[in-house]
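Q: This is what each chain is made of:
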Amino acid sequence: MKDYLVLRVVAKILIAFMLLFALYVQFHGDFGPGGGFQAGVISAAAVIFYAIIYGLPAARAVVPDWLVETMLAAGVLLYALVGVAGILLGGNYLDYFVLGADPVAGQHRGIFWVELGVLITVAGVMLKIFYVFAGRGSEEEPPS
Amino acid sequence: MMAVATVAIVVQRNLFAVVVLAGAYSFLMATVLVALDAPDVAMTEASVGAGISTVLLLGALHLTQGMEMKPLHRPILPLGVAVVTGLLLAYGTLGLPAYYDPQAPIHTHVVPRYLEQGLEETGVPNIVTAVLASYRGYDTLGETTVVFTAGVGVVALLRRLRRRDGKGGR
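Chains as they are written, first to last, in this note's numbering: chain U, 608 to 751; chain H, 2 to 171.
Among the hints, erroneous ones may be present.
Unchecked claim - Ranges of calculated distance between the beta carbons of each label pair, as one might list FRET restraints:
(1) H:N15 <-> U:D610: 24 to 34 angstroms
(2) U:Y631 <-> H:F28: 18 to 28 angstroms
(3) U:F634 <-> H:Q104: 44 to 54 angstroms
(4) H:A91 <-> U:Y631: 19 to 29 angstroms
(5) U:L621 <-> H:T32: 17 to 27 angstroms
(6) H:T86 <-> U:K619: 17 to 27 angstroms
(7) U:A680 <-> H:S54: 19 to 29 angstroms
(8) H:T109 <-> U:V613: 55 to 65 angstroms
(9) U:V613 <-> H:F17: 15 to 25 angstroms
(10) U:V616 <-> H:F17: 43 to 53 angstroms
(11) U:K619 <-> H:G81: 51 to 61 angstroms
In short, the hints are calculated from the structure, not lab data. Because the structure is a prediction, the values reported are computed rather than measured. Glycine included, C-beta positions come from ideal geometry on N, C-alpha and C.
Can you build the whole structure from these sequences, using the hints too?
A: And the structure:
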């Protein structure tokens with residue numbers, strides 16, 4: 608698809624909005640529909656879109672494999688560490704009330720970090736699966 | 002329309018058409034969920050069911066053939082099992098309280114507390130986010146771990162296959 612000028616230009620414009628929408632879904636999840644899972648899928652979709660239009664090597668240059676693999680584990684770790692932070696500050700595991708100055712602020716902070724962890728893991732998993740599938744296809748092409 | 006899409010998916014032998022129809026089915030499902038006032042779930046269905054899984058299935062299709070093979074024998078027994086299970090499930094729904102019944106157990110257990118005190122306790126207007134991330138934090142941690150495990154499993158499987166292919170081929 609590298610030769611289609613219209614697709615390339617439109618993709619460049621659209622990807623910025625897709626990532627922006629993912630961030631909106633992530634941080635506006637407290638007030639409207641959305642949250643970490645949806646935002647993770649949308650941001651992964653933006654990168655997959657880039658990979659389809661510009662080719663897998665280009666996408667791997669933007670979001671390299673080691674980063675994706677780190678994201679897989681980092682999201683779960685971040686989520687679990689929020690729980691540990693609750694213990695260290697004197698509450699129960701995954702108890703957000705102690706994270707802030709007052710309980711409501713603590714809840715906001717806890718939910719923010721937890722959703723961020725979900726986003727990182729989901730985006731990482733989706734991207735990794737796509738990379739592995741698409742990578743297999745492109746590696747088998749040259750011999751045939 | 003969903004029934005038409007389902008029948009078409011079953012009958013169709015061209016897998017490319019099946020993937021596209023499955024994406025259309027997911028979008029119809031998302032509109033149904035919006036009609037049921039569940040925008041969070043609808044968003045997930047639209048982005049995962051219609052978006053990512055379509056792309057992944059097309060990627061898998063790229064690695065295989067585009068046409069489904071003719072079945073070797075007539076699938077009478079699986080069809081019978083599927084029909085009986087479906088009838089049993091439909092029979093089970095008769096025992097459930099009606100969808101609009103405010104006295105149903107699901108609406109009287111912990112939901113009133115979430116709805117009435119959720120805003121004060123968490124300060125988060127979207128009740129779905131409050132339940133998901135705060136009240137049911139353990140569940141969501143488990144779900145995230147499931148997603149992580151699925152990703153690691155796929156990576157482990159496909160990577161080993163690729164390495165073995167490389168060794169066998171060269």
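Q: Hint by hint, say whether it matches the structure.
A: Hints, one by one, checked against the model:
no.: 1; hint: H:N15 <-> U:D610: 24 to 34 angstroms; result: holds, 27 angstroms
no.: 2; hint: U:Y631 <-> H:F28: 18 to 28 angstroms; result: holds, 21 angstroms
no.: 3; hint: U:F634 <-> H:Q104: 44 to 54 angstroms; result: violated, 38 angstroms
no.: 4; hint: H:A91 <-> U:Y631: 19 to 29 angstroms; result: violated, 41 angstroms
no.: 5; hint: U:L621 <-> H:T32: 17 to 27 angstroms; result: holds, 23 angstroms
no.: 6; hint: H:T86 <-> U:K619: 17 to 27 angstroms; result: violated, 49 angstroms
no.: 7; hint: U:A680 <-> H:S54: 19 to 29 angstroms; result: holds, 23 angstroms
no.: 8; hint: H:T109 <-> U:V613: 55 to 65 angstroms; result: holds, 57 angstroms
no.: 9; hint: U:V613 <-> H:F17: 15 to 25 angstroms; result: holds, 23 angstroms
no.: 10; hint: U:V616 <-> H:F17: 43 to 53 angstroms; result: violated, 27 angstroms
no.: 11; hint: U:K619 <-> H:G81: 51 to 61 angstroms; result: holds, 54 angstroms
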